Structure formats: C-alpha cells, structure tokens
Amino acid sequence: METYYKPEDLPKFEEIGKDSPKLAQKFFEYYGAVFAEGELTEREKSLIALAVAHTVQCPYCIDAYTQDCLEKGSNLAEMTEAVHVATAIRGGSSLVHGVQMRNIAEKMSM
Amino acid sequence: MLNEHISNISSIETKKVSEHSGIEPFSRTLSRHGLKLNRNNTHTLQLNLGARCNQTCRHCHLNAGPGRKENMDAGIISEVISYAQRSKFETIDITGGAPELNPNIGMLIEEVFSLSLRIMLRSNLSALNDGRREYLFELLKAHRIVIVASFPSLNEAQTDSQRGDRIFQITIDALKKLNAMGYGHEGSGLELSLVSNPTGAFLPPNQAQTEKRFRQVLKRKWGIVFNNLFNFANVPLGRFRQWLVETNNLENYMGKLYSSFNPCSVDGLMCRSLVSVSWDGYLYDCDFNLARELFMGGHKIHVSEMSGPPPPHSHIATADHCYTCTAGSGFT
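Protein chains in written order, with this note's numbering: chain L, 1160 to 1269; chain S, 390 to 721.
Don't take each hint at face value.
Chain L side only, calculated, beta carbon under 10 angstroms to chain S, not exhaustive [to be verified]:
#1 Ala1183
#2 Gln1184
#3 Lys1185
#4 Glu1188
#5 Glu1196
#6 Glu1198
#7 Thr1200
#8 Leu1229
#9 Glu1230
#10 Lys1231
#11 Ser1233
#12 Asn1234
#13 Leu1235
#14 Ala1236
Heads up, simulated DSS-like pairs for lysine-lysine below, C-alpha to C-alpha not over 27 angstroms straight-line [unchecked claim]:
#15 L:Lys1171 <-> S:Lys645
#16 S:Lys645 <-> S:Lys610
#17 L:Lys1204 <-> S:Lys608
#18 S:Lys601 <-> L:Lys1204
#19 S:Lys610 <-> S:Lys565
#20 L:Lys1177 <-> L:Lys1165
#21 L:Lys1171 <-> L:Lys1181
#22 L:Lys1165 <-> L:Lys1185
#23 L:Lys1165 <-> S:Lys645
#24 S:Lys610 <-> L:Lys1204
#25 L:Lys1204 <-> S:Lys645
#26 L:Lys1177 <-> S:Lys645
#27 L:Lys1171 <-> L:Lys1204
Hints were generated in silico from the structure; no laboratory data involved.
As the structure is a computational prediction, the values presented were derived from the model and not from experiment.
Don't be surprised by glycine CBs; every beta carbon is placed ideally from N, CA and C.
Bound-form chain S, shown alone (with noise of 0.2 angstroms):
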C-alpha cells in the first residue's frame, strides 16, 4: 500500500503530539464551533499518478522520490477516464510525485481534455524540462492544460535547500520556456500559476502581497510572467512530518496550525468539492488524506466502483493534518 511506514509514523506521532502539546482534535474543535465537515457538489477530480519523483523536496506530505515504484498503470487510468467520462467534473486536477514521469501522462491527457473545462497539471517543472520530453510540452500547450508549479521562493538558497541543489535555476529556465511558448502572458489561453510554499516549520505569508512581490522580481529579475501565485501551508505529513520531529519544531508547528485555526475557512475547504483517486484507483477526500490512507468518508472504495460524484452532504474523512488548511484564511 502506498507509503504505509509513512502512515504509521504519522499516527504515532499524531498521538505524541496530542499527548504532549495538548492539541485539541480536529473533529472536537468542528463541533466546538457547530461545525460538520460534509460534501458540497463535487466538481474536481484529482488524479495522483504515483509517488514516483525525481526530486525529494524536504517538505513533501507523500515522501516522493526517485526510489518510489508506486505509478498509476494503464488500466487503472482506463477506469478513471471511464469515471471522468460517466462523472462530469468541471476540473482534472493530475499530480504526483511528478506525473510527467508516468508513462501514460500522454493517453491521459488526450483521452481527458474534451472531458472537462479545466485540466490542470501540478509539475515540479524540473521533470517536464529534463531534455526528454519536448512532446508533452507540445500536448499540454496544443490542449490548453494550466500549469501549476512550484516555486517556493525567490530566494535561490530558500528553494535548493527546500527542493534540492540547483532546482532554483532549473526552475527559472522552466519558466522562461514555458513564457516562450506563450504560457503565463495575459489572454494568450495558457495558464500558468505557481505554488509558494514556506520553506520551513512556519505559516506563508499574505498571498496577494506575495503575488505583487513575486511578479515584480520575476519580471525585473529574469523577465518572467505568471498568472497567478498561491501560497500553501506545509502539511505535516511524510518528509515534512519527518523533518519536523528530527529538528524538533513539530509541537511548535502543530501550535501555530492549531492556534490559526480560523473556522470561517471550513466553509471553503477543498476537501468539500474535490475527491482525489490514488494511483491503485481507490477514492481520498484530499491529496493529504491520501498521504495518511484515510479513505473517502472512512471507506475503502475504489473508482470502478462509483457511478458519479461523490453525493453531497456525504461525510469527509479527518485528522490532526486537516488544521493546516484551516489556519488563517485557509488552504483550497
């Protein structure tokens, strides 16, 4: 199963942190605000190709890498295209690992593209530029798929030491093709965003005063253009959760989600209108549920087996995690 020893440190040390940092649960504090965490309509499909990576970025909640062997195969992608396709969604959000180095990212995207309004594909960009793969360049940009990569920082040190040595400038060369092709410019139809995450055991900053400040010194800098930024909190799961115990700011990290908790952001949870398939076919309420094996609504159920979107109002699985998207103004 995917990345069990991952799942079991995370239960132990979920049971550390309660124990220790006095952390109320995050089901406790719902109903201490008359909250319930239940479905809205379901309009995003997430596809998770694998856990396979070519990076091993310090802050992943999937503990990706080169050594992982988990890939979604052909058949399985076979039944989500038929789930796509009986389903309807409005988005296809494909992520990883990095899914460019899943074999079947081409089928994927020809077969998906006529299926929804909107695909999207989350790239580390240092495997889609790796010299080999000039044809999905070609696909996604043919296709109009968004493009939403990582760009922790504009600090080159923050994001080698973040994402691994050299990725700052393999990044910037990524960004700069893709503006060539003529992702990322105003009311060229190709959307390109990038995704800022805090490279270290602390929240992210304002995101519209990032976004300023980040098209101000890409465009100065290196003359690069973006639609959009978001900025995402860490969630302390796999590598992260990992990192985080090793350098002992877990209760510390736990502390600040716990004390951001902000139940106004509920409301607009991911969690709500999005199910996310692994790369053996069975259903999460979230990309981070799936890092912790918290199946959909609690149930092992696997795509073959679902007629449409999940149903409204039906339950979503949580944990201690689910407070990194409820600190501040949330996380969606």
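Isolated chain L, as found in the complex (with noise of 0.2 angstroms):
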C-alpha cells in the first residue's frame, strides 16, 4: 500500500543535499557534531533523541532511534522510561495550560 512514509527513504535522508549542498553541509555536521560525545554520553543524547521523537511524532526518528539506543546498550525499560518522559511533557503542557483556562474562567464568573 502506498504511504507518506517509507522506510526506505530514512537511508536516502543525506539526498536532500542534493539541491542545496551547503546548508546540507553545515546541517550534517552540526548534527553529527551534537551526538557525539561530550558532557553527556552518546547513549545518553540517544534516549533523549528517541524521547524528541516520539514528541514530534516523527516516524523515521522512532525508527533511527530505537535502533540507535539498542546500539548504544540501551535497554527497553530504559527507552520506555524517556517515552514517558516525553508523555509527561506534553501531557503537563496541556495541563499547565489549564491555569490560563481557569484565570480567564475566574474573570469572567461571578
């Protein structure tokens, strides 16, 4: 059945160059330059990575991600831990939200 997303297009990720080199260029590097390692480890900058992913709902992301974190000798409970965090996040979001409802609400009630 045809798609919007096919897997096979995540390995073709480095064609979008292919019109636009240079800002592809600095993209590539930056994002390389991000995961490695520095004051967080790459396992560490992975699970949040998969956590991002599952906030953008970004289906080629869940998929680099989930592999990445498994390379990375991150375990189920691990990655399943940081997609609750991301859940906490958007949930409390909405939530914290919640607040304007109620400041509006009370201004405006007797």
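Relying on the hints, combine the two individually framed chains into one complex.
Written as structure tokens, this is what we have:
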C-alpha cells in the first residue's frame, strides 16, 4: 500500500543535500557534533533523541533512534522510561495551560 | 561431525542472503579493498572442548546446549597438550559449550598452565557455580587462570531473554563469589573480564563507554568489580542465525554487518594470530569457522599432524559471517 512514510526513505536522508549542498553540509556537520560524546554520553543523547522523536511523532526518527538506543547499549526499560518523560512533558504542557483557562474563567465568573 | 545440520542451514541461508540482499561475498570485498587475509604469527591456541552446555543461549553460534554430546575426550586432550608443548603458544584460550562440563577440564588445566603465559577460560558462570565445582574454583585461582565471563546486559530482562531464565541473578551471584576470591580486583593477579553481546539483531555499543557504565553500575548496585569488558557482535550462525531467520531479521542484520565493513579492522583480526581446535581435534582459523566446518585454510588437518603453529602468510578460510568481525572497530 502506498504511504507517505516509507522505511526505505530513511537511508536517503542525505540526498536532501543534492540541490542545496552547503546548507546540508552545515546541518549534517552540526548534527554529527551534537551527538558526539560531550558532557552527556552518546547513549544519553540517543535516549533524549528517542524521547524527542516521540514528541515530534516522526516515524523516521523513532525507527532510527530505537535502533540507535539499542546499539548504544540502552535497554527497553530505559527506552520506555524516556518515552514516558516525553509523554509527561506533553501531557503536562496541556495541563499547565489549564491555569490560563482558570484565570480567564475566574475573571469572567461571579 | 560437529553440528552438520547447522552447517547445512548456514550454507542454504548464506546463499539466500546473497540472492535477496545483494551482499557482496566477503572475499570479493577484501579484494576490492586490495586486502588479503593471511596469517601473522600464531600466538593463541583456542581449545573448544565441545558443544555441551547447561544453557541454551539464543545468540549461540554453535547451537550448544544440554542435548549436545560432543565433548573433547581424554585422548584428544592428550594430543592437544602435546601440540601445546611443541608449539609454545603465548595464550591458551579454553572455550565450549560450557568447558566446565568436560570431565577432563581439571586435567587439562593442570597440564597446560605452565606451557603458556596466559591461560583463559571462557565461562557462562552458571556451569562453574552450579554447586558441584568448588575444586575448579580453587584450581583456577591457584593457577591464575583468566576468567572471561558472559555478561550481556545490566538489564535482567535482556540477559534472561538471551541466556535463559534466572541467568542474570545466577551470574551476579557468581561474580560476587569470584570477587570474594580476589578475582577482578586490581593488583590481585586474578583477572576477570566480561563479555557483552547485543541482545538482538543490532550491533554492539562503543566498548570504552560501555565498560565505564558497566563498571559504575555493577559497583553501585552489587559491589562487583572486574578488569575489562569486551563488546562482541553476534555472529549469524547456529541458533542466532535460526532466530534471525524466524524473526525476519537476517537480511537486515547482514546488511548492517556489510555496510559497517571497516577495512582497517582486517589487520588486527583474531584469525590472523589464533588457531582453534575442535572437540574432535581438527583445526580451524576461528571458532566461527569451526561452527561452519570451514577447516583451517580450507584443509582438514588434525592436531596430531601439526608440528607447530600454522606458518605466517598461510591462507585463512572466509565466508559471509566474517563480516561480523570487520564491522565498525572490529572484533578481535
């Protein structure tokens, strides 16, 4: 079945540089530097990426960073906790806006 | 012969992978990079005492398990000892199956400990610590045998999924016991190294970073210390290959190994400096070729026919599973 998201497109990511090579080069160099070991380990950065992938709901990113987390030595329990962190922030960001709702409602109410 | 049905499955599946995935044969990849895989000086004698094992690990390239009967008998062990005496290997590496289950293991260690600088025993720890082998613990300590223990993951579920129910806790208990004997402590002269294999169809993480994390977590949670950690990729042979086929992961896994080929890893491959002897006394370039029944240099040679180590520059037999050892930083 035809879909917008195709797994075979993921390895083609670098082709995005074909018609704009300088910008692509800058992006991929930056991308590589971000994920290199620094104050955070590569494994920790991969878990963060996995959580963000779920937040932006990118199937390519979820596929790539599920594999990357396993290859960086993370286990399914750690990865599931990372997704819960993303979920908590997403849920919390909705809920905290309830304060705005309450402020408006209280202002308008007797 | 050792594991004939696996060899058949492997040949069929290798052909299938080549047909479906377009993976270049390993020998052709070497040629394309201008490389030849020949022996250097052979300084390690690896002894595979047989496929008998108390565990049935899902990543085992030998399909070892409790049902396997192959075990190196006393006659072959005597021939192996004679070979070690006339060859002067720097290292003797004892493996299996679970080598602890071979009834001649004690005699072998007593005879070879003075023949090489370094004697290693590869252990799953559950066979060693089954309550019936106190004499073996003492023997290992007395002769300062290096213990190389399987420890795939800090996660209990991952470990048990790969190696069997309760293996994680059994392993932790065995490591504590070895630590109490002095193993794993810096300066004790009793070396304890851990081996971590991925618990699925993916490649291992960076070794230095993994060692650092394992060291921190094992110490913090269980007070366990060790000397080194080695990350090894799983080899698509035996039971691991069967699992890859059954779960439709084989083609993708072979693709990962192939795309991770690192020509710089070839120079340091273990097959360039190691000779492996199977339970029946025949020689192989490595334990994986043993699993595939690819004889050393492509010739069926018995240990009793060898006058010394295989000569430098001699040919090494290869197949597509060799991509495992050349992936990334290599597997030596």
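Is the hinted pair Lys1177 (chain L) and Lys645 (chain S) satisfied, with a Cα-Cα distance of at most 27 angstroms? 25 angstroms, holds
Does the closest beta carbon of chain S sit nearer than 10 angstroms to the beta carbon of Asn1234 (chain L)? Result: holds, 4 angstroms to nearest chain S Cβ.
Quick one, are Lys1165 (chain L) and Lys1185 (chain L) close enough, alpha carbons at most 27 angstroms? It holds: about 26 angstroms lies between the C-alpha atoms, which stays within 27 angstroms.
Given pair status - Lys1204 (chain L), Lys601 (chain S), alpha carbons within 27 angstroms: 16 angstroms, holds
With the threshold set at 27 angstroms, check whether the alpha-carbon distance from Lys1204 (chain L) to Lys645 (chain S) stays at or below it. Roughly 22 angstroms between the alpha carbons, so the hint for Lys1204 (chain L) and Lys645 (chain S) holds.
So if I understand the rule, the pair passes when the alpha-carbon distance is 27 angstroms or less; does Lys610 (chain S) with Lys565 (chain S) pass? Distance ~12 angstroms between Lys610 (chain S) and Lys565 (chain S) Cα, so the pair holds.
Does Lys608 (chain S) lie within 27 angstroms of Lys1204 (chain L) when you go C-alpha to C-alpha? 23 angstroms, holds
Given Glu1230 (chain L) as an interface hint, is its Cβ closer than 10 angstroms to any Cβ of chain S? 5 angstroms, holds
Verify the interface restraint on Leu1235 (chain L): the C-beta must sit less than 10 angstroms from at least one C-beta of chain S. Interface hint status for Leu1235 (chain L): holds (7 angstroms vs cutoff 10 angstroms).
Sort out whether Lys1204 (chain L) lies within 27 angstroms of Lys610 (chain S), counting only the CA atoms. 23 angstroms, holds
So, as I understand it, the hint says Ala1183 (chain L) touches chain S; can you test that by seeing if any CB pair is closer than 10 angstroms? Violated, because the Cβ-Cβ distance from Ala1183 (chain L) to chain S comes to roughly 21 angstroms (cut-off 10 angstroms).
Under 10 angstroms, Cβ to Cβ, is where Ala1236 (chain L) needs to be relative to chain S, so tell me if that hint holds or is violated. The hint holds - Ala1236 (chain L) has a Cβ within 10 angstroms of chain S, the shortest such distance being about 6 angstroms.
The structure fails to meet hints 1, 2, 3, 4, 6 and 16 from the earlier list, while all remaining hints are met.
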